[in-house]
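Protein chains: 2
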Amino acid sequence: MKKLINNPDNVIKEQLEGMQAAHPDLIKVNFEPYYITRAGGPSKGKVALISGGGSGHEPMHGGFVGHGMLHAACPGEIFTSPTPDQMHLAAKAAHGGAGVLNIVKNYTGDVMNFEMAAELAMADGIKVQNIVVDDDVAVKDSLYTAGRRGVGATVLIEKLCGAAAEQGMDLEKLSDLCRTLNQNARSMGMALTSCITPSNGSASFEIGDDEMEIGIGIHGEPGIERKKIATVDEIAEEMTVSILEDGAYTRTTKEWDFSKNEWVEKEVTDEPFKKGDNVIAFVNSMGGTPVSELYGVYRKMKEVTDKHGIKIVRNLIGPYITALEMQGCSITLMKVSDAHVKLWDAPVYTPGLKWGM
Amino acid sequence: MKKLINNPDNVIKEQLEGMQAAHPDLIKVNFEPYYITRAGGPSKGKVALISGGGSGHEPMHGGFVGHGMLHAACPGEIFTSPTPDQMHLAAKAAHGGAGVLNIVKNYTGDVMNFEMAAELAMADGIKVQNIVVDDDVAVKDSLYTAGRRGVGATVLIEKLCGAAAEQGMDLEKLSDLCRTLNQNARSMGMALTSCITPSNGSASFEIGDDEMEIGIGIHGEPGIERKKIATVDEIAEEMTVSILEDGAYTRTTKEWDFSKNEWVEKEVTDEPFKKGDNVIAFVNSMGGTPVSELYGVYRKMKEVTDKHGIKIVRNLIGPYITALEMQGCSITLMKVSDAHVKLWDAPVYTPGLKWGM
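Listed in order, the protein sequences are those of chains A and B.
If you read the first sequence in our numbering, its first letter stands for residue 1493, the second for the next number, and so on.
If you read the second sequence in our numbering, its first letter stands for residue 1493, the second for the next number, and so on.
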C-alpha cells in the first residue's frame, strides 16, 4: 500500500500522536476516546464550537482547533463517523459555560450521533445546538447520506463562526449565523483518481486512465457522471456553472427548540445565487492535487463568476477538506455580507489555518 | 494525462494568471518574461530578497513573495531553470536601493543563470550577492547538479532571511545569515510515486507498486536506493538518522567579492548536528502526500531527534516545496539560535505562508 503508515489499525492513533507532538502550544489530544481541544482549556464565557466526522479529510477538523476557529474536534476512524461518546466528552471538555454549537456535516451517522451527543450533554446541563451543513449541489441522497452532503462549506463556516464565537456571540445568534452561512453556500467536487483507505488497502472506486468523475464527495463516493477527462477550463466551468445556476433548494432541518425542549423539524429553502452577490471562493484540493493546478481552476472559475456578475471578495486555495491522497478538487462559493467578511478577516491560529496573529 | 490543465504548453502562463487573479493584494505577475514581485512595489531602503527556479515546486517560490519573505521570484518552465533575463528584470523591478540577495538552489542551470543575472544587474549599478543553498544529504552530484542539491532548507531560509530583510538588515549581514542558515541545514527526501510533467505526459521515473525510492530530489531524479516499501517509522527513522549522523560537508562556494569586484571561490565546511542543538524541523509533502501522513512522519522523526538530544523548537508541516503531484516527503532540520527563532516568529504574509499579521 503506497502510504506513509505503519499498521493500518493504528493510523489514527499515530497520526494524532504526531499532531500532538507537533502542536502542543495549540491543541490537546485526548486518546480514549479521541477528541482534540484547545491547549489552553475551555474559553470561559464563550460558546464552544465543535465539529467532527470521519478522519481522512485533514486538516479538517482537528487542524482547525485553535484561536478563532473550533474549540474541539472529534475524529472518527477513516471515513467513519465518530461516536456519540466522543462528541459528548468533547462537549464537556470544551464547554466554557455559554453552551455548545455542533457543526455537523450531513452524513447519516454524523447527524444521528451528534443528536445523541447533544442529548447526553443537555442531560449534563449544557446547552447544545446542532446545525447541519449540506452544501453539495452534485448529489441528493448518496451512499452516505439523505439529502445533500456536507462538504467544502464546512471549512468556511468553521472559520466564520469561530471568529464570531471568539468575539462572544451567544448560542442563539451563532446558530442563526451558522444556518445562514450554510444556506448561502454551495459546492461541487470532482476526482481524477480514487484514494485508498488504509483498512482495506484498495481503491475506493475504479477509474480509467482517461476518465474523471464529476460530482464526487469527500469519501470518494461516486458522483453524477463518469466521463473522459476534460481540460481544466471545461471542468472548472462545469462545476462553477452548476453551483451558480443551481436553483432553490429545500430540505428539512432538525434543531433543538429550547422553549419546547425537543427537536423540531422545519422546512428551510436556500435561494440561488444572483447577480451582484459577494462571495468567498474556496478552491480545495482533494489531497493529491497540487496548488499549482488549483490556480488553474481558480483562473477559469473567476472568469465564470465574473461573467455571472458575482464578485469574489475573499478566497481560500489549498488542501483543506481532503479525501486522503485523492487527486481532484472542489469549488465552494459562499455568499457573504460585509459583516461576514470581517469575520473572515479576523485572526485565526490553528495547525491548519493561520493569519492575523 | 491526469492533471487539471489545458494545453501543456500554456500551463505556467495560465497558473500564473490564476495566481494573479487570486492574490492581487499580495503579488504582481509580470508575463513577458515571467517574474513575480510584491503588489506594493519595491521596499525602499531594504535589501530585495529574490529567488527562483523551475516551476513544479509550488508554492515555492512565487507563493513566498510578500511581506516578511521574498521581494521577487522567477519561475522557469516546469523543472527548468529560469533565464538570466528573467532574474535580471526581477532584480531591477524589486530593487529598493539597498541591493539584492539572490537565494539560489544548487542546480547547475540556476547557479549559472543567477551568476549572469547578478552581473547584468551589477552593470546597472545594483549591488547583488548570490548565496547557494545545498542541503540535500542524499546525493552528491546528480542529474541536475554538481554537489549537494538545494531542497527543503530553501523554504526556511526564505522565511528567516525575509524577516531579516524586512527588519532592515544590510546586504552583507543578510548574505552572512543566508550562508550560515544553509550551513546549519540538512535535508533528505523520499518518494512513493513518480510525478508527471505536463510537457512529456509520462512519469519521470518508473517505480513498482511495492517499491519506494529513498533520497530523491524535488525533480523526481533518482535517489540513493530503490527498495521495498517500508513502514513510516522505518522511513522516518532512516531519513532522520541520515540527516543527524551526516558528517562534516565541504564544498566550494562562489560569492561576489565587493572589494575585488569579482567572483571568489572559497572552501566552506558545515559541521554535523550535535547533542543540545535547537532546530526548526520541516516535514514537507512532495505534493501528493496528505498532511495526515506527514504527522505520522513527524511522530517518528521527533522520537529520533529526542533520542539524539536535538530539540525541535519550531516546525513546519505541509506541502511547501513539492514535485508536482509526487507522493512522498522530505525532512529538513536546521540548527537555529534564539535570534533565528525570533526571525521565524516574525510576521509573514504571502500566498503560501501566513502568520503574525
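Simulated from the structure, these hints should not be mistaken for lab results.
Everything numeric in this text was worked out from a predicted model, so none of it was measured.
Any given hint could turn out to be false.
Any copy, or any two copies together, can satisfy a pair, since identical chains are not distinguished.
Calculated pairs, BS3-like style, for lysine-lysine (alpha carbon to alpha carbon, straight line, at most 25 Å) [as the list claims (entries may be wrong)]:
no., residue 1, residue 2
1, Lys1766, Lys1803
2, Lys1619, Lys1834
3, Lys1665, Lys1584
4, Lys1520, Lys1799
5, Lys1494, Lys1834
Evaluation of the provided hints:
Taking the shortest Cα distances, Lys1766 and Lys1803 sit within 25 Å of each other inside one copy (11 Å), while across copies they are farther apart (54 Å). Within a single copy, Lys1619 and Lys1834 get their C-alpha atoms no closer than 27 Å, and across copies no closer than 42 Å, so neither meets the 25 Å cut-off. Taking the shortest Cα distances, Lys1665 and Lys1584 sit within 25 Å of each other inside one copy (21 Å), while across copies they are farther apart (53 Å). When the C-alpha separation of Lys1520 and Lys1799 is checked against a cutoff of 25 Å, the pair qualifies only between copies, where the shortest distance is 23 Å, while the shortest distance within a copy is 46 Å.
In this homomeric assembly, Lys1494 and Lys1834 never come within 25 Å of each other (Cα to Cα): the closest approach is 42 Å inside a single copy and 38 Å across copies.
Consistency note: the structure conflicts with the earlier hints numbered 2, 5.
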